[in-house]
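Assemble the whole structure, with the sequences as input and the hints as a guide.
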Amino acid sequence: MGFCDLGVRYIEVLQEGNLQGILELFASDAQVVSPVYGRLDADKFYTSLLADTQSSQLQLHHSICDKEARKLAVYFTYHWTLKDDSQLIFDVVDILLLDNNNKIKGLTIVYDSRDTSKKIASLRQQE
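In case it helps, our numbering puts the sequence shown at residues 1 to 127.
Keep in mind that the hints were calculated from the coordinates and are not lab data.
Hints are not guaranteed to be accurate.
[Said to hold, decoys possible] Pairwise CB distance ranges (calculated):
#1 ASP5 with ASP115: 13 to 21 Å
#2 GLN125 with LEU60: 26 to 34 Å
#3 ASN100 with LEU19: 20 to 28 Å
#4 SER122 with ASN100: 37 to 45 Å
#5 PRO35 with ASP85: 16 to 24 Å
#6 SER122 with MET1: 36 to 44 Å
#7 ILE64 with GLU16: 16 to 24 Å
#8 LEU60 with GLU24: 17 to 25 Å
#9 VAL33 with THR53: 14 to 22 Å
#10 SER122 with CYS4: 32 to 40 Å
#11 ARG70 with GLN125: 19 to 27 Å
#12 ALA121 with HIS79: 16 to 24 Å
#13 ASN102 with LEU19: 17 to 25 Å
Cβ coordinates follow ideal geometry from the N, Cα and C atoms, glycine included.
What follows is the structure, given as structure tokens:
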């Protein structure tokens with residue numbers, strides 16, 4: 001897989017809800033920074049995200065790669081159905097920092113999390 005193809009592949013496996021496929025894209029010590037879940041190891045972040053998720057539809061708008069900086073930015077719309085059947089739709093930019101093996105070593109998620117934070121807090125109260 002080419003460097004610039006990684007952003008598209010990331011969107012594909014995220015939409016599939018394929019935990020193993022997602023984690024294969026990440027370095028073993030990778031960190032994710034999320035407005036809702038905070039800073040977590042990638043495996044813990046995606047395990048939590050997928051546990052809260054019934055389904056996801058992601059509409060990729062654009063992917064930008066900078067080989068010299070080893071960064072990718074992926075802009076997409078996230079149609080997220082939570083496990084309680086509530087739905088959220090929002091635009092996201094994920095910024096991926098890659099290591100020399102083209103594995104994601106850092107991912108920062110950027111979006112307006114106001115509604116999402118409330119929904120996730122509500123899910124936690126139901127558990």
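Hint by hint, here is what the structure shows:
The given range of 13 to 21 Å is broken by ASP5 and ASP115, whose C-beta atoms sit roughly 32 Å from each other. In this structure the hint that GLN125 and LEU60 lie 26 to 34 Å apart at CB holds, the actual value being about 33 Å. Look at ASN100 against LEU19: about 25 Å separates their beta carbons, and that is inside 20 to 28 Å. In this structure the hint that SER122 and ASN100 lie 37 to 45 Å apart at CB holds, the actual value being about 42 Å.
Hint check: PRO35 to ASP85, Cβ distance near 23 Å, so the stated range 16 to 24 Å holds. Take SER122 and MET1: their Cβ atoms lie about 38 Å apart, and the range 36 to 44 Å holds. The hint said 16 to 24 Å for the Cβ distance between ILE64 and GLU16, and at roughly 23 Å that hint holds. At roughly 19 Å, the beta carbons of LEU60 and GLU24 sit within the given window of 17 to 25 Å.
Distance hint check for VAL33 and THR53: the Cβ-Cβ separation is about 19 Å, which falls inside the suggested range of 14 to 22 Å. Between SER122 and CYS4 the beta carbons are some 38 Å apart, a value that agrees with the proposed interval 32 to 40 Å. Between ARG70 and GLN125 the beta carbons are some 40 Å apart, a value that contradicts the proposed interval 19 to 27 Å. Judged by the Cβ atoms, the range 16 to 24 Å given for ALA121 and HIS79 holds: they are separated by roughly 20 Å.
Between ASN102 and LEU19 the C-beta distance comes to about 20 Å, which sits within the given range of 17 to 25 Å.
Hint compliance for this structure: hints 1 and 11 are broken, all remaining hints hold.
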